[in-house]
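Enquirer: Quick mapping for you: the protein sequence lines, in order, are chains A, B, C and D. Residue numbers are given in the working numbering: position 73 of the first sequence equals residue 91, and the series is strictly consecutive. Residue numbers are given in the working numbering: position 318 of the second sequence equals residue 613, and the series is strictly consecutive. Residue numbers are given in the working numbering: position 80 of the third sequence equals residue 107, and the series is strictly consecutive. Residue numbers are given in the working numbering: position 79 of the fourth sequence equals residue 399, and the series is strictly consecutive.
Hints in this document: simulated from the structure, not taken from any laboratory. Keep in mind that a hint or two might mislead.
The calculated DSSO-like cross-link candidates involving lysine-lysine, where the alpha carbons are at most 27 Å apart (straight line), are [to be verified]:
id: 1; chain 1: A; residue 1: K45; chain 2: C; residue 2: K250
id: 2; chain 1: B; residue 1: K341; chain 2: B; residue 2: K395
id: 3; chain 1: A; residue 1: K110; chain 2: D; residue 2: K653
id: 4; chain 1: D; residue 1: K399; chain 2: C; residue 2: K213
id: 5; chain 1: A; residue 1: K110; chain 2: A; residue 2: K160
id: 6; chain 1: B; residue 1: K313; chain 2: B; residue 2: K341
id: 7; chain 1: D; residue 1: K399; chain 2: C; residue 2: K219
id: 8; chain 1: C; residue 1: K250; chain 2: A; residue 2: K48
This is what each chain is made of:
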Amino acid sequence: MTDISQHESDLLKSYAEASGFRLGWAKFRKHKLAVVSLYIVGFLYILAIFAEFMSPYHHSDINRRHVLAPPQVVHFVDHGGGVSWPYVRELKSERDPITRRLSYVEDVETKHTLRLFAPSEPYEMWGFIPLETRFLGISEPKRGATMFLLGTDTLGRDVLSRIIRGARISLSIGLVGVALSFVIGIVLGGMSGYYGGWVDTAVQRTIDFLQSLPTIPLWMGLAAAVPPGQDPIVTYLMITVILSIIGWTGIARVVRGRFLALREEDFVLAARISGASEIRIILRHMVPSFASHIIASLTLSIPEMILAETALSFLGLGLQSPAVSWGVLLKDAQSLQVISQAPWLLIPGLAVVITVLAFNFLGDGLRDASDPYGKT
Amino acid sequence: MQSATSMTSPLLEIANLKKHFGQSRGLFKYDPHAVRAVNGISLTVKEGETTALVGESGCGKSTAAKLISGALAPTSGDIRLRTRDGTLLDVATLRGSARKKLWRDVQLIFQDPFSSLNPRMTVRQIIAEPLRNFGIARGEEATMIVADLLDRVGLQSNAMNRYPHAFSGGQRQRIGIARALAVNPRLVIGDEPVSALDVSVAAQILNLFQSLKRDLGLTYLLITHDLSVVRHSADRVAVMYLGQIVEENTTAALFSAPKHPYTHALLSAVPSHREKEKTRVVLPGEVASARNLPTGCAFHPRCALATDLCRKVTPQITTGSNGSRVACHTPLDEAST
Amino acid sequence: MTGYIIRRILWFIPTLFAVSIVSFAIIQLPPGDYLTVLEAQMGAEGDYSPEVVERLRERFGFDQPFLVQYGKWMWAMLAHGDLGYSFEWRVPVSSLIGEYMALTVAVTAATLIATWIVALPIGIYSAVRPYSVFDYVATVFGFIGKATPNFLLALILMWLAFVYWGADVSGLFSPEYKNAPWTWDKIVDLFKHLWLPLIVLGTSGAASLIRQMRANVLDELQKPYVEAARAQGLPEWRVILRYPVRVALNPFLSTIGTTIPELFSGAVTTAIVLNLPMAGPMLLRALTSQDMYLAGSFIFLLSVFTLIGTLISDILLTIVDPRIQFDEA
Amino acid sequence: MRITSLFSPSGVGMAVGLSALLLSSTAWSQTYSEAPELAEMVAAGSLPPVEERLPLEPRVVTPYNEIGTYGGTWRRAFKGPSDDRGPQKLMEPRIVRFVQTAPGEFGIEPAWASSYEINETSTEFTFHIREGLKWSDGHPVTTEDVLFYFEDVVGDDNPWPWPSLLKQGDERAVVMAVNAYTFTVSFSQPSPLFVTRLAREYVWMAKPAHYLKQFHPAYASAEELAAAAAEFEVAGWEDLWGRRGKAESYWVNPDVPTLSAWTITTPPPADQVVFERNPYFYAVDTEGNQLPYIDAITHDLFQDTETLNLWVAQGRIDLQQRHMGVGNFPFFKENEAAGDYEVKIWSGLEVDTLWPNQTTSDVVMAELFQQADFRQAINIAIDRDTINEIVFAGLATPMQAGPPEGSAIYNEELIGKWSEYDPEAANALLDGMGLTERDGDGYRLRPDGKTLEIVITSALFASDIDMLELVSEFWSDIGIKTSLDVVERTLYLDRVNANEVMMGHWPMGRAAFFLIDPGAYAATLADNSWATAWGEYHLDRGKDFAVAPPEGHILHDVWAKLDAASTAASQEEAIALGEEVLAIHAAEPNWVGVVGAAPNLFIRSNRVGNFPEGFIRDDITRDIGIIPTEQLYIKE
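Go ahead and model the full structure; you've got the sequences and the hints to work with.
Expert: Right, dumping it as structure tokens:
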């Protein structure tokens with residue numbers, strides 16, 4: 019009995035002394051999809067950060083003899099029927115004399131076993147750490163021994179490696195713009211909501227104006243105005259940064275709304291009457307109250323940036339080959355030829371869907387958790 | 296419960312206080328007096344007394360509380376506070392950080408114990424906030440003061456590290472009181488301090504007010520719609536209707552012999568054990584809007600005794616022989632109650 | 028209230044002015060002009076003639092400064108409602124834009140309505156039975172629609188429709204109805220083609236709508252008046268429909284304005300893949316070929332629509348929530 | 321497979337002789353047949369009988385396979401207003417036109433002219449209009465229409481400039497009417513290429529004066545002009561004329577009379593552009609049936625090429641080559657049954673080429689590019705067979721850029737040169753130049769110590785990107801870093817015109833007879849920019865970066881020879897000079913041709929008859945327009 023009550027009182031104590039963050043975390047953990055999504059997002063970022071090591075091949079290695087090869091199956095059973103260490107079989111290609119289409123058949127006789135931390139051609143991690151090992155590969159690399167788990171593209175490049183490499187750009191390049199938008203949005207939205215009056219009017223009318231400008235023409239204009247000869251990634255980055263200068267309006271409205279609501283909260287008035295300075299009221303009392311909302315909206319705007327990158331690349335306004343991003347990979351796959359003959363080139367689309375889903379659920383969970391004192 | 300009122304000096308004097316809110320009318324016209332939330336109230340709060348400001352919701356008493364506590368700047372009128380160093384502080388003219396001087400002496404207790412405490416701060420942080428801001432104490436010293444305050448409001452010192460979500464409404468209100476007491480104020484304004492609480496809890500809080508008043512020599516200004524609270528706590532009562540004070544008197548006098556028909560109607564709505572025979576006066580119509588005040592006496596559309604005079608001329612508040620004040624053309628005499 | 032609305036409308040004018048300058052500036056951002064494009068085309072087709080280009084440059088006034096060109100464009104628009112001339116199509120912009128804009132509005136409106144029809148009941152049901160299997164399924168499906176790039180979904184659905192039904196699903200009309208006058212049959216034909224864009228465009232918006240509706244209704248359901256209504260013995264569905272849903276709808280009504288331009292931008296890639304005669308692809312093409320009055324007019328009209336949308340939103344908001352109009356004296 | 325007949329004296333003779341032959345075969349006694357719907361109109365009295373509509377001697381077109389049947393709609397697709405050449409090339413109203421009687425057998429025939437003669441010195445050209453020839457509204461065509469064109473449409477004080485085709489330097493040719501059906505064009509110097517250029521360039525030689533006068537200030541009053549401008553919704557009468565003019569163009573104005581086989585009835589901006597048969601078209605088949613066979617041509621607007629590909633698979637395209645990418649060959653082939661069509665292949669004459677700009681603004685790179693060893697190294701470092709195999713499904717031919725076999729003038733040596741894959745030799749060449757230093761990534765360093773990096777600017781997408789990526793792979797094997805700058809087409813041109821391109825990527829085309837458009841060899845064509853600043857020097861357009869090539873540079877020689885060719889006394893002389901130009905370019909590589917003669921895919925519905933197979937397609941010879949499209953028919 020005493021044990022239990024001791025335990026209960028501990029529990030009670032821990033609840034009573036739980037900070038907003040801990041309460042939010044507890045609430046977040048109840049959102050199962052969000053938790054799974056958190057793991058997925060984490061995994062994706064690990065892939066992106068260690069892309070060179072995680073991908074079986076260099077993303078632009080061309081395999082002249084394996085153009086548009088289908089995904090290679092990992093076998094666990096020998097040709098003879100015995101259980102085997104996981105292996106892949108060599109592919110033999112053949113071109114249809116009439117349709118000129120390449121088709122591949124597995125050579126059941128050849129067997130290339132797989133291993134973790136497989137040897138590879140030397141390469142450099144992040145451009146400066148020389149390595150000769152990759153996370154997964156063929157244990158004894160030799161000519162013709164390939165492991166294209168998600169197939170190859172029109173130049174015989176490994177789709178899996180390209181997706182992993184693309185993750186690095188797709189998951190990161192918009193972050194700068196998103197971050198900048200948020201900083202501007204929070205500052206201007208905060209000013210608008212906190213001071214009200216003419217500041218509010220000015221900011222609100224500016225927002226109306228900026229929101230009415232269509233993005234695509236602006237993007238096109240900027241893309242053309244950026245001086246030539248730049249690295250396409252730099253160009254894209256420059257444009258996202260420029261656009262974030264006008265893209266802060268959404269978050270500014272949110273922040274303004276929160277400020278307006280919080281300004282009326284009793285605890286803010288209480289703080290003022292307790293002699294708190296304006297800056298302390300904002301930083302110590304108001305900001306923590308909506309920081310979690312901001313983090314949730316931030317999380318929700320990342321998938322939008324990923325989707326925007328794919329759409330812009332599709333329109334030829336985003337990144338372009340040889341830069342590797344999911345948008346670029348999808349643009350390459352955007353043809354009936356691919357859908358009918360090499361559907362594995364659509365797998366980057368799956369990567370986009372999974373990532374966007376994960377971020378959305380994560381954001382959803384964070385939004386629920388952002389108000390740990392709410393009733394739901 | 297009555298104290299020797301004549302002996303004490305006024306702590307707070309309010310004269311002709313007005314707060315109007317503006318609104319646009321038509322294209323370019325902006326009427327800065329469209330909503331007359333507080334329309335010229337005068338009131339004196341004497342040191343050591345509990346003064347109550349009573350009225351229905353929407354009568355402007357909350358706005359009055361905000362004006363007096365310096366949270367809102369009045370449109371016109373005077374609020375003068377005698378500070379602890381004896382000087383008179385013109386509250387109505389205070390703006391921005393200058394108001395900090397006021398809050399060293401005047402503190403506010405909020406109606407909603409849930410929203411008035413920052414959910415992201417511990418009780419210690421909440422109560423230490425004024426200590427820190429007014430430079431009274433920091434660190435260990437502050438913690439000791441907080442523990443002392445908690446003890447004073449009837450909470451255990453282990454509450455210090457907890458967050459507001461761990462407390463009940465009554466307990467939270469105690470925390471709020473502790474925070475208000477931290478600066479050792481002279482005037483505590485309670486804006487419906489118990490209306491959000493259960494009856495029994497409310498009674499406990501009111502008792503706490505009483506004991507604190509006793510121990511610390513506090514002066515209260517209670518803003519409430521609940522006459523039963525007033526009867527048990529207040530020394531003087533001022534009744535507000537549509538932005539104006541219609542009657543003011545000592546609690547006993549007001550309850551026994553209301554002069555204004557509105558006061559009478561309010562009192563008749565209070566369940567009373569002593570006066571079972573009393574007839575309930577039902578007010579016809581609805582409270583008029585502060586946006587569109589009736590001409591003459593603001594109360595006339597609902598007043599059974601209204602005359603043509605009431606419809607045309609706004610009655611001025613007049614002070615009676617025994618210090619009572621009433622604003623009515625046709626005040627009730629004792630016989631009619 | 029009227030005063031507020033009128034002042035809000037007056038604000039519209041300077042904003043419109045700013046928007047028109049920016050619209051015109053955007054189309055001037057890329058180097059070169061329509062004649063550079065024409066030169067390129069003529070060069071590719073082997074009939075390049077520098078004299079022709081020079082004469083046209085003079086004729087179109089491209090040699091004049093930016094402000095002069097802008098002034099002329101604005102003046103023609105204000106004085107005669109003339110949006111300028113499309114160099115590429117060789118017709119006045121106004122005669123070109125009309126039908127495309129109309130179809131754009133039609134498809135956008137249809138999408139909006141279809142999304143609402145699907146999303147609102149799902150959102151309400153999810154709110155009434157939160158964390159139920161249905162709630163999860165609806166949420167996941169909604170989000171998958173949102174997470175799939177429109178252009179990819181469009182192409183895959185188009186391909187599947189072809190492979191499995193041999194159906195022609197591109198465009199909004201069958202070839203035989205493309206130039207036909209509006210008849211009942213043409214409308215039927217339009218609806219035969221409309222389902223695919225509706226699915227593609229609708230799925231991307233439904234998820235947010237479902238989530239929003241769910242959240243709004245959940246909020247409302249916890250308010251005391253719902254309990255009161257239940258206590259009166261009203262059937263559950265009537266309780267829900269009578270109050271919470273009505274209240275929860277308000278935020279939707281007020282965001283109509285901003286939803287339409289969002290839908291429009293989202294529709295660009297879909298319209299390209301599905302070959303829909305809508306404003307987006309045309310704008311894109313006009314921008315590529317620097318058909319400046321066409322592009323400028325599209326951008327301008329689009330911005331105007333958005334501004335009107337925001338205006339309507341704001342006015343609706345004041346009607347729903349009158350507190351907004353008060354300013355402190 | 322050479323266009324020999326065109327340029328030998330017998331070529332001219334053949335053209336004249338052919339029309340004489342036609343005259344005899346289409347004797348007056350012959351009765352003509354017409355499309356059933358036209359016959360109905362004749363019966364109803366709304367159209368004159370076919371004999372009155374046709375000229376005295378109609379052009380007789382020999383169907384490729386059989387006499388066709390009337391009727392049907394030819395369904396095609398186009399990509400928007402900038403793609404107007406696609407529809408237009410099907411029916412250009414030419415006075416003379418190219419024909420291809422058998423694969424590679426090119427010729428020039430009079431079209432709405434019945435015949436033409438050239439004098440001995442190639443200075444005077446006499447054209448005979450078919451007597452009784454009618455505009456599509458039934459109004460007769462005479463030399464009045466020719467003079468109207470030269471006196472009132474082009475030249476100073478007229479809406480449009482004088483065509484450069486009828487100019488020598490600043491001097492204009494003289495056009496004179498001999499009688500109602502005969503006119504002459506005279507030059508002061510020989511103009512041996514005039515007729516060939518006439519078959520190719522956009523100069524129709526006549527305009528329907530009776531219709532257009534109402535839009536011309538010399539004939540119409542100011543009020544009438546204002547009314548016309550208002551009707552066409554343009555700012556002024558000037559806008560009714562010229563390349564983008566509205567009233568004058570048969571592509572946008574259904575009312576303007578034309579000489580083409582079909583006339584537009586639903587012009588753009590319709591989603592579906594429709595052409596319908598011209599009842600006055602001047603050609604018949606060998607049995608006297610008035611052409612065209614096909615009733616109408618529709619062009620559906622598409623935005624994305626995948627839409628078009630789907631239409632192909634759905635059998636919604638009857639005959640089209642434009643926008644049919646060779647990379648989609650397997651897809652087209654596999655859907656032949658579904659779409660009830662066949663993929664037919666013509667050979668193209670284009671060569672996918674990279675143009676190292678020897679005058680690029682990056683001085684160090686310009687100096688490297690100016691060295692023949694360097695250009696040879698980057699040439700032989702490319703494995704063209706692999707590119708052909710991977711990017712072109714093995715259907716094209718690895719070659720150096722030049723006029724391929726099948727062209728009128730070609731140099732076998734040139735197209736075979738520097739196309740053997742030999743990375744060792746390439747490395748040796750670069751080492752020999754002293755480019756031996758390498759950076760950390762293994763790339764060679766330039767003389768100034770920077771990484772040797774070539775930026776390729778290209779305006780192309782899809783399979784071309786694959787090609788470029790392969791090229792960069794091959795070049796990185798010999799220690800050259802390559803990066804790609806893919807831009808929009810106009811931006812590409814802008815950059816070339818500002819000399820901002822280090823290496824351009826654009827096919828070498830117009831190879832059927834390069835002398836007609838020799839800019840690629842003279843470095844004066846923006847697309848083929850291997851020496852932009854030098855080319856601009858020759859063009860003398862006042863670009864500030866224009867500079868003369870060094871003394872003794874081959875370009876001086878090339879320009880001199882090309883100038884001489886354009887005023888040579890005879891075609892043989894011009895051709896000989898052209899061959900010398902090719903020989904100059906065969907001495908050392910000036911560009912990097914990769915693969916060429918890629919197949920041009922025609923989607924040909926099984927309903928379409930009389931489509932010739934295996935021809936050569938080139939822009940010079942008007943793409944698909946080289947088929948007399950009027951003899952195509954729909955089987956049903």
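Enquirer: Give a verdict on every hint.
Expert: Against the structure, the hints:
1. Distance hint between A/K45 and C/K250 is fulfilled; the C-alpha atoms sit about 22 Å from each other, no more than 27 Å.
2. With a C-alpha separation of about 22 Å, the suggested pair B/K341 and B/K395 falls inside the 27 Å cut-off, and the hint holds.
3. About 23 Å separates the Cα atoms of A/K110 and D/K653, which keeps this hinted pair within 27 Å; it holds.
4. Annotation: proposed proximity of D/K399 to C/K213 holds, straight-line Cα distance about 24 Å (limit 27 Å).
5. At most 27 Å may separate the alpha-carbon atoms for a hinted pair to count; A/K110 and A/K160 meet this at roughly 15 Å.
6. Between the alpha carbons of B/K313 and B/K341 the distance comes to roughly 21 Å, so the proposed pair stays at or under 27 Å and holds.
7. The suggested pairing of D/K399 with C/K219 holds, with an alpha-carbon distance near 24 Å, which does not exceed 27 Å.
8. Simply put, C/K250 and A/K48 have alpha-carbon atoms about 24 Å apart, close enough for the 27 Å limit, and the pair holds.
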